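A.B. asks: Protein chains in written order, with numbering that gives the first Met the number 0: chain Y, 0 to 287; chain A, 0 to 413.
Hints are computed from structural coordinates only; laboratory data are not their basis. This one's a predicted model, so the numbers in the text were calculated from it and none came from an experiment. Watch out, some of these pointers could steer you wrong.
[Unchecked claim] Here are the simulated SDA-like cross-link-like pairs (lysine to any residue), alpha carbons at most 25 angstroms apart as the crow flies:
{"no.": "1", "chain 1": "Y", "residue 1": "K278", "chain 2": "A", "residue 2": "E28"}
{"no.": "2", "chain 1": "A", "residue 1": "K321", "chain 2": "A", "residue 2": "K273"}
{"no.": "3", "chain 1": "A", "residue 1": "K204", "chain 2": "A", "residue 2": "E244"}
{"no.": "4", "chain 1": "A", "residue 1": "K252", "chain 2": "A", "residue 2": "L399"}
{"no.": "5", "chain 1": "A", "residue 1": "K104", "chain 2": "A", "residue 2": "G72"}
{"no.": "6", "chain 1": "Y", "residue 1": "K281", "chain 2": "A", "residue 2": "D26"}
{"no.": "7", "chain 1": "Y", "residue 1": "K278", "chain 2": "A", "residue 2": "N8"}
{"no.": "8", "chain 1": "Y", "residue 1": "K14", "chain 2": "A", "residue 2": "E70"}
{"no.": "9", "chain 1": "A", "residue 1": "K104", "chain 2": "Y", "residue 2": "L20"}
{"no.": "10", "chain 1": "A", "residue 1": "K106", "chain 2": "A", "residue 2": "K204"}
{"no.": "11", "chain 1": "A", "residue 1": "K106", "chain 2": "A", "residue 2": "G215"}
{"no.": "12", "chain 1": "Y", "residue 1": "K278", "chain 2": "A", "residue 2": "D64"}
{"no.": "13", "chain 1": "Y", "residue 1": "K281", "chain 2": "A", "residue 2": "E297"}
{"no.": "14", "chain 1": "Y", "residue 1": "K232", "chain 2": "Y", "residue 2": "G81"}
{"no.": "15", "chain 1": "Y", "residue 1": "K14", "chain 2": "A", "residue 2": "G210"}
{"no.": "16", "chain 1": "A", "residue 1": "K106", "chain 2": "A", "residue 2": "D247"}
{"no.": "17", "chain 1": "Y", "residue 1": "K14", "chain 2": "A", "residue 2": "P163"}
{"no.": "18", "chain 1": "A", "residue 1": "K140", "chain 2": "A", "residue 2": "P163"}
{"no.": "19", "chain 1": "Y", "residue 1": "K278", "chain 2": "A", "residue 2": "G215"}
{"no.": "20", "chain 1": "A", "residue 1": "K144", "chain 2": "A", "residue 2": "G170"}
{"no.": "21", "chain 1": "A", "residue 1": "K5", "chain 2": "A", "residue 2": "G107"}
{"no.": "22", "chain 1": "Y", "residue 1": "K14", "chain 2": "A", "residue 2": "K144"}
{"no.": "23", "chain 1": "A", "residue 1": "K104", "chain 2": "Y", "residue 2": "L24"}
{"no.": "24", "chain 1": "Y", "residue 1": "K23", "chain 2": "A", "residue 2": "E7"}
{"no.": "25", "chain 1": "Y", "residue 1": "K281", "chain 2": "A", "residue 2": "V364"}
{"no.": "26", "chain 1": "Y", "residue 1": "K232", "chain 2": "Y", "residue 2": "V204"}
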Amino acid sequence: MDQPEDNEYWDIEIKPTNNLLDLKLKDTWHYRDLLMLMVRRDFVSFYKQTILGPIWFFVQPIITIVFYTLVFGNLAGISTDGVHKPLFYLAGTILWSYFSDCLTKTSTVFRDGAGLMGKVYFPRLIMPLSIVASNLIRFGVQIMLFIGFMIFYGITDGHMPINLYALLFPLLILLIAAQGLGLGMIISAVTTKYRDLAFIISFAVPLLMYATTVIYPLSTAQQKFPKYSWIIKFNPVTPVIETFRYGFLGKGSFSWGLLGYCSFITAILLFAGIIIFNKVEKTFVDTV
Amino acid sequence: MSKVIKVENLSKAYQLGDFGTGTITRDFERFWARVRGKEDPFLKIGETNDRTTKGESDVVWSLKDINFEIEQGDAVGIIGRNGAGKSTLLKILSRVTSPTTGSIKVKGRIASLLEVGTGFHPELTGRENIFLNGAILGMRKAEIKRKFDEIVDFSGVERYIDTPVKRYSSGMYVRLAFAVAAHLESEILIVDEVLAVGDAEFQRKCLGKMGDVSKGEGRTVLFVSHNMTAIIKLCSKAMLLQQGELLDYRNVKSIIETYLASNTKNGFFSTSDKDSFFRNIVLLNDRLQERSTFFFNENINVDFELEVIEPIIGLTLSIIIKDQHENPVSSSHFLIDISSNKTLKIRSCIPANFTLPGNYMLEAVLHIPNVRFIQQLPFDLNFTIEDSGSIHSSYLESNLGSIALPILWEQTAW
Numbered sequence: 000m001d002q003p004e005d006n007e008y009w010d011i012e013i014k015p016t017n018n019l020l021d022l023k024l025k026d027t028w029h030y031r032d033l034l035m036l037m038v039r040r041d042f043v044s045f046y047k048q049t050i051l052g053p054i055w056f057f058v059q060p061i062i063t064i065v066f067y068t069l070v071f072g073n074l075a076g077i078s079t080d081g082v083h084k085p086l087f088y089l090a091g092t093i094l095w096s097y098f099s100d101c102l103t104k105t106s107t108v109f110r111d112g113a114g115l116m117g118k119v120y121f122p123r124l125i126m127p128l129s130i131v132a133s134n135l136i137r138f139g140v141q142i143m144l145f146i147g148f149m150i151f152y153g154i155t156d157g158h159m160p161i162n163l164y165a166l167l168f169p170l171l172i173l174l175i176a177a178q179g180l181g182l183g184m185i186i187s188a189v190t191t192k193y194r195d196l197a198f199i200i201s202f203a204v205p206l207l208m209y210a211t212t213v214i215y216p217l218s219t220a221q222q223k224f225p226k227y228s229w230i231i232k233f234n235p236v237t238p239v240i241e242t243f244r245y246g247f248l249g250k251g252s253f254s255w256g257l258l259g260y261c262s263f264i265t266a267i268l269l270f271a272g273i274i275i276f277n278k279v280e281k282t283f284v285d286t287v
Numbered sequence: 000m001s002k003v004i005k006v007e008n009l010s011k012a013y014q015l016g017d018f019g020t021g022t023i024t025r026d027f028e029r030f031w032a033r034v035r036g037k038e039d040p041f042l043k044i045g046e047t048n049d050r051t052t053k054g055e056s057d058v059v060w061s062l063k064d065i066n067f068e069i070e071q072g073d074a075v076g077i078i079g080r081n082g083a084g085k086s087t088l089l090k091i092l093s094r095v096t097s098p099t100t101g102s103i104k105v106k107g108r109i110a111s112l113l114e115v116g117t118g119f120h121p122e123l124t125g126r127e128n129i130f131l132n133g134a135i136l137g138m139r140k141a142e143i144k145r146k147f148d149e150i151v152d153f154s155g156v157e158r159y160i161d162t163p164v165k166r167y168s169s170g171m172y173v174r175l176a177f178a179v180a181a182h183l184e185s186e187i188l189i190v191d192e193v194l195a196v197g198d199a200e201f202q203r204k205c206l207g208k209m210g211d212v213s214k215g216e217g218r219t220v221l222f223v224s225h226n227m228t229a230i231i232k233l234c235s236k237a238m239l240l241q242q243g244e245l246l247d248y249r250n251v252k253s254i255i256e257t258y259l260a261s262n263t264k265n266g267f268f269s270t271s272d273k274d275s276f277f278r279n280i281v282l283l284n285d286r287l288q289e290r291s292t293f294f295f296n297e298n299i300n301v302d303f304e305l306e307v308i309e310p311i312i313g314l315t316l317s318i319i320i321k322d323q324h325e326n327p328v329s330s331s332h333f334l335i336d337i338s339s340n341k342t343l344k345i346r347s348c349i350p351a352n353f354t355l356p357g358n359y360m361l362e363a364v365l366h367i368p369n370v371r372f373i374q375q376l377p378f379d380l381n382f383t384i385e386d387s388g389s390i391h392s393s394y395l396e397s398n399l400g401s402i403a404l405p406i407l408w409e410q411t412a413w
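Here chain A stands alone, though its shape is the one from the complex (with noise of 0.2 angstroms):
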C-alpha cells in the first residue's frame, strides 16, 4: 500500500488572549526578531497545552511535534479528550488554516466535511444550494450535475429540491448538506462529529456511505468522533491525541481501550468548593472498602455527601449508569428528604449480578424533575465491573448487552 499523507514535525500555536493594542508592539518585536534572523521570541516549545493550568507565556501549542503516516484505504479515528488538538489538526489537513512549523504531504484531493451546509444560502433553493455547496467543496460544475439525482435522492428531499433551504427543517438541512459532501469525488476524506445530527436511521445512512467509501471505493478516511460504537465500526486504525502530542497510533481496539483506560482515573468525587452541592462521592464495596472496580457478584455502593443550603421542595439525585462508549444503560432517581439536616448523607446500591463485566461510567445529577436543573457532576466516574466466574463469562466477546435482567427460565416435561 502506498502512503497517501505524511505528516512530519507538525505543530501548531495559538496566541491566547485579546488583540488589542498591547499586541502591536510585540508583533514589532517578533518582526524584528526575524529581521535579524532569530528565533520568535513568543514562540517557546516546551509548554504543554493544559487548559487547567495558567501558563506562564500566553501561547499555547495545540500541536505539538506530531508525526504519522497513513496509507491508501485506511479508515483512521481520531480519538482524544475536548482540546486534545483533534479539531486542530483536521483545520490544518483541510488547509482551513496553516502550520506554525513542520510540514504535511498529501496525494489527491482531499474533501472535509467539518461541518456539513457550510456555505448554504439559506434564500437559494434546494437545488442551486446543491450545486454552490459542491462548488464549495472542489467540485466542478459537470461533476455535480452527473450526480445530481443520487444526491437527492440519497438526501431523500426531493420533495422540497425548488424550495429555498430557510424554509427546510433542521433535519432536511443536514440530509441534504451531508448527501452533497458524501458525493464528492476525492481520495480523502476528513470527517469531523458530522454524526452528531440528524436522527438514527440517517446516522446509520451516513455511517453505511462511509463505510463504503473507505472499504469498497478505497479511499481514505479520517473520522474525529467521541462516539466509540461509531469508531470501531468505521475505522481499522486509530490515533490516540492528547494535549496536543500524539499518544499512539495503532489499531483501533488497543487504541480506544488505551483511551478507555485514561479515563478510569475519577474513581472517587471530592470538593471543598462551597458552591458545590456535590461534597463527597465514593464508591464502595460490600465490607465498605473505597474501590472502583467490583466483581460481578459484589454490590456497588454509592456513598453521596452533599450540601443543601436551603431546602429545596422536589430535590431528586439521579444517577445514569452508561457504558464504555457514553451510551446510558440503566437510571435511577431518588426524591431527597429536605426536612433534615443541611449535610445529606444518601447511599445508593447497585445490586450485584445485574451489570455485566465491563467498563462503566456513572453520571450523577441534582434536579427537580422537569422544573430545574441544578448541579451535574463535573465529571463522571468510573467504574469496572470484573467478572467473578459467572455464566456469562463466557459470552464475553460477543456484545450481548451490559444488564443481566433477572430473566425466569422455566422447562416443563410433556
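Same shape as in the complex, but just chain Y (with noise of 0.2 angstroms):
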C-alpha cells in the first residue's frame, strides 16, 4: 500500500539541504511582481514628505563633483585626460556610487531585511534584487544629470565626443550592478553570523574608490605608478568606468580584452554570490 505514495508528486519538498547549483530562479521569477512593488515602495518612500521630492536624486552628484574638481581637479592637480572636469567626475561618481551604494546595501540585506524575512517566506533573492533595481532608478536619474552636462559642454565646445562605443552601455550597466550585487551577497551571506566584516565593509569601500577610476584616469594611473597600476587595472570596476568614458567623452582606456576579463570576473562573482547566498538564505534566521 505504501509503495506507491513514494512515487507521488509533491509541490514544494523542505530538506535541511539543497542542491548547491539549484538557484531558485524560477521561483524568483515567479514573485517578479513582488520586486517591483519593492522598488515602487523604495521610490516612494525615499521622498515622501519631501518638498523637493526627486530632485534629491541630482543633490548628491552635483556637491559631489563640485568638490572633486576644487579639491582633486583644481588644488592637487590630477590630470582629467583633458575632459571637462565636472564631466569627468561625473561620469566616475555616478558609476562608482552605483557600485557602492549596491555592494553596501547588499551586504547588510539579512540583518537589515530580518524582521520581513523571518516571518514570510518568498525568494530571498528577491531582496537583493530589489536593491540592485531601486539603485538603477536613482542611477537613471543621475544619467539624465550627466547626458544634460554632456550636451551643455558639446555645445559650448561645438562638437560632441560620444562615439559608437557608447552602444555598450547596457552591458556596463550589467556589468557593474552585477559586481555589486555578487560582492554584497557573499560579503552579506559571511556576516550574518559573524559580522566583523561588516565593520572592514564600512571603511573599505571609500577608500577603494581610490584604487578605482574614479578621480583619475587609468593612463596618468600607468604613468606614475608603473609598478602597482595593475591593481588598479585589474580591479573589476576599472574597465567599466574607462569603457564609459571612452565611448561618451572619447577619452580613456579601451580594450576588448580587458573588458572581457572584466566581464569573467563579473560572472563569477555573481555566480558565487547567488549560490552562497542561498545557501546561507536558509537558516540566517537562527543566528542573524
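Join the two chains, each given in its own frame, into one complex according to the hints.
C.D. replies: Here you go:
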C-alpha cells in the first residue's frame, strides 16, 4: 500500500540541505511582481514628505563633483585626460556610487531584512535584486544629469565626443550591477553569523574608490605608478568606468581584452554570490 | 482524501548562547567533522528541550523526530505550552527556516499568517500596502487587483485607503493586514495566534473567515492558539506538542482533554524563596483535607500563607477563577490587615453549589488596586469540580456556563 505513495508528486519539499546549483531562479521569477512593488516602495518612500522630492537624487552628485573639481582637479591638479573636469568626475562618481550603493546595501541585506524574512517566505534573492533595481532608478536619474552636462559642454565646445562605443552602455550597467550584487551577497552571507566583515566594509568601500579610476584616468595611474597600476587595471570596476568614459567622452583606456576579463570576473562573482546566498538564506533567521 | 502535507523525522536544533569569538573554533570543528564524513559533534540527539533545567550541551532540540500527515481539507490545531515547539514547526512549514534533519513534503501553495502586517511600510498608503503585502505573501499583481474590493470591504477601512498606514489606529492596521492575508489563494493556510489582536467583533469575523476557508473551500488550515475555544470551534483535529515531541495527533476534543489533564498537576503552591510573598497555598475541602478535586456541593477552602516583609497600606489579595479555556469566570478581592504579624494566614472559601462541574484555574495576585502590582502566583492552581448528582448534571454536555447563580423561581397559581 505504501509503495506507490513514494512516487507521488509533491509541489514543495522542505529539506535541510538543497542542491548547491539549484539557484531557485524559477521561484524568483514567479515573484517578479514583488520585485517591482519593492522597487516602487523604495522609490516612493524615498521622497515622501519632502518638498523637493526626486530632485534630491541630483543633489548628491552635483555637490560631489563641485568638491572633486575643487580638491582633486584644482588643488591637487590631477589630470583628467583633457576632459572637462565636472564631466569627468560625474562619469566616475555616478558609476562608482551605483556600485558602492549596491555593494553596501546588499551586504547588510540579511540584517536589514531580518524582520520581514523571519516572518514570511518569499525567494530571498528578491531582496538583493530589489536593492540593485531601486538603485538603478537613482542611477538612471543621475545619468540624465550626466547627459545634460554632456550636451551643455558639447554645445559650448562645438562638437560631441560621443562615439559608437557608447552602445556598450547596457552591458556596462549589467556588469557593474552584477559586481555590486555578487560581492554584496558574498559579504552578506558571511556577516549573518560573524559581523566582523561589516566593519571592514564600512571603511574599505570608500577607500576602494581610490583604487578605481574615479578621480583620475587609468593612463595617469600607469604613468605615475608603473609597478602598481596593475591593481587599478585589474580592479573589475575600472574597465567599466574607463569604457564608459571612452564611449561618451572620447577619452580613456579601452580594450576588448580588459572588458572580457572584467565580464569573466563579474560572472564568477555573481554566480558565487547567488550560490552562497542561497545556502545561507535557509537558516540565517536562526543566527542573524 | 489525499494527503497534502507529509512530515518525516523532522527535527530542529538551535544553538544556545551568544555567537562570538568562541564559536568560530567550534565552527571549524564542525566543518572538519563534516569533511571527514563524521557526525556533527555538536548535534547530539537525546537531550530534551526543558528550559527550566540547565543542560550539558548548548544545543537545544526545539523539535525532535516529528512525523505526521495531514489530509486535504483538515483544520488542524497545534496545542502545547510555551516552548513546546509550535512556532518552530510553523516556521519550518512556512519555509522561514530550514529543519536540521528530516523532511516535509507539501502539495500546493502554503500561505502563512505568522504575524499579520509584516512588510507593511508605514509611509505607504493602505492601497499601496495591500499590493505590497499581497505580493510578499505570494500573490500576483493581477490576483490582488481582482480581489482588491473584496479585501477593502472585509477590512472595513475604505475611508482611509489612500492614507499612509502610519496614521492608522492599531486596530485598523491589523484589520487591513488580516484582510489581505485572508484573501490569499492557497491550498494550505498557516495561522499563528493572529486572533490575539483586534476587537471581539473582528475576531469573530476572522474565525468565521477561517472556518469558511477550511469547511467551505476545502482548504487545509494549520492553527496555533492558546485559545481552546477557538481551536474547538475551528479545528477537527489537533496535535499536542510537548518539549519538541509530538505527543498525540487525534480528534480535537480528546487532544484538548489530554492537554488540560496534563496541566492539572498544580493543585498547591509552596516555595521557600525569600523574595516571594506567596509561601504556601493549598486547596482544602470541608474536612480540611488537601484536594484538587471537589464535589459540586462542597466548599473549596483556599489557604494562603503570605510573608509580608514591610507593611504596605492597601495591600489586596485578589483571586480570579478561570474556566478551562482560561476565560475569567469570577473574581474576589480581600483587603489585607497588615497591622498583625509578618506571616499572614488567610483563608478564602469558595462556597459550595456555585461552580458547575468542570476544570477550573485559580489565579492569585497581590496588589494595591490601581496603584501597584506586587506579585502574581507564578502559575495558576488547578481544580476540578465533580458532579454530585445535582440538577445541573443532566445539562453537562450543553455549554450552559460555569456559575450557578442562586436564581429564584416562583410560580403563582391564578
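A.B. asks: Of the hints given before, which are not true for this structure?
C.D. replies: Numbers 2, 3, 10, 13, 15, 17, 19, 22, 25, in rising order.
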